[in-house]
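To convert a position in the sequence shown, counted from 1, into this note's numbering, add 657.
These are computed hints drawn from the structure, not numbers from a lab.
Even for Gly, the Cβ is constructed at its ideal location relative to N, Cα and C.
Among the hints, erroneous ones may be present.
[Claimed, not checked] Computed spacing ranges between beta-carbons, pair by pair: (1) ASP665 x SER700: 30 to 36 Å; (2) GLY740 x PRO792: 36 to 42 Å; (3) ILE669 x LEU690: 18 to 24 Å; (4) LEU690 x ASP665: 22 to 28 Å; (5) ARG749 x TYR681: 29 to 35 Å; (6) GLY668 x ALA809: 19 to 25 Å; (7) ALA662 x ALA712: 25 to 31 Å; (8) ASP665 x LEU796: 18 to 24 Å; (9) VAL791 x ALA676: 20 to 26 Å; (10) ASP759 x GLY668: 17 to 23 Å; (11) ALA715 x GLY668: 37 to 43 Å; (12) ALA787 x ALA712: 30 to 36 Å.
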Amino acid sequence: MSISARLDELGIELPAVAAPVAAYVPAVVRDGLVYTSGQLPFSGGALPATGKVGAEVAADDANAYARTCALNALAAAADAAGGVDRIGGVLRVGGFVASTPDFSGQPGVINGASVVLGEIFGDAGRHVRAAVGVPVLPLDSPVEVEVTFILA
Numbered sequence: 658m659s660i661s662a663r664l665d666e667l668g669i670e671l672p673a674v675a676a677p678v679a680a681y682v683p684a685v686v687r688d689g690l691v692y693t694s695g696q697l698p699f700s701g702g703a704l705p706a707t708g709k710v711g712a713e714v715a716a717d718d719a720n721a722y723a724r725t726c727a728l729n730a731l732a733a734a735a736d737a738a739g740g741v742d743r744i745g746g747v748l749r750v751g752g753f754v755a756s757t758p759d760f761s762g763q764p765g766v767i768n769g770a771s772v773v774l775g776e777i778f779g780d781a782g783r784h785v786r787a788a789v790g791v792p793v794l795p796l797d798s799p800v801e802v803e804v805t806f807i808l809a
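Start from the sequences, fold in the hints, and give me the full structure.
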């Protein structure tokens, strides 16, 4: 099944590619891979929340934001690669969680990204991953995700 058909089956519509907030591009294709810049959970051009996970932002909400970040990354990768059906799988996910010093649930937050990529790509969505807690992210976003995709 093609990735576009799988997205339809899951009822997922990829968002428009988010405009960069500085001097970089959303994704680059090199040597059979598509590298995305860090993606924030923009929805409709705005962040759904700001602040730290463990304070202003609940972990369950941050998990949903990580999912949105992954879909934004897939949209950027598809745009760079010439279409979503040119994306064959996922190699690596890097997740950053702006969190309070006592919050240690970063892996659970970034699972939002990993789970949706697994739903979309099946076995080809299995990937290595980092989930890192940080004091602050751009625009005070609670989550940022970057993905390295494999071309089909």
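Comparing the hints with the structure gives:
Distance hint check for ASP665 and SER700: the Cβ-Cβ separation is about 20 Å, which falls outside the suggested range of 30 to 36 Å. At roughly 38 Å, the beta carbons of GLY740 and PRO792 sit within the given window of 36 to 42 Å. Between ILE669 and LEU690 the CB atoms are about 22 Å apart, so this pair conforms to the stated range of 18 to 24 Å. Taken as a hint, the range 22 to 28 Å holds for the pair LEU690 and ASP665, whose Cβ atoms sit roughly 25 Å apart.
Under the hint 29 to 35 Å, the C-beta atoms of ARG749 and TYR681, about 18 Å apart, miss the expected range. Take GLY668 and ALA809: their Cβ atoms lie about 22 Å apart, and the range 19 to 25 Å holds. Distance hint for ALA662 and ALA712: a CB-CB separation of about 41 Å, inconsistent with the stated range 25 to 31 Å. Roughly 31 Å separates the CB atoms of ASP665 and LEU796, a value that falls outside the hinted 18 to 24 Å.
A hinted range of 20 to 26 Å for the beta carbons of VAL791 and ALA676 is consistent with their spacing of about 23 Å. Evaluation of the 17 to 23 Å hint for ASP759 and GLY668 yields a failure: the beta carbon distance comes to about 37 Å. For the pair ALA715 and GLY668, the beta carbons lie near 24 Å from each other, so the given range of 37 to 43 Å is not met. About 23 Å separates the C-beta atoms of ALA787 and ALA712, a value inconsistent with the hinted range of 30 to 36 Å.
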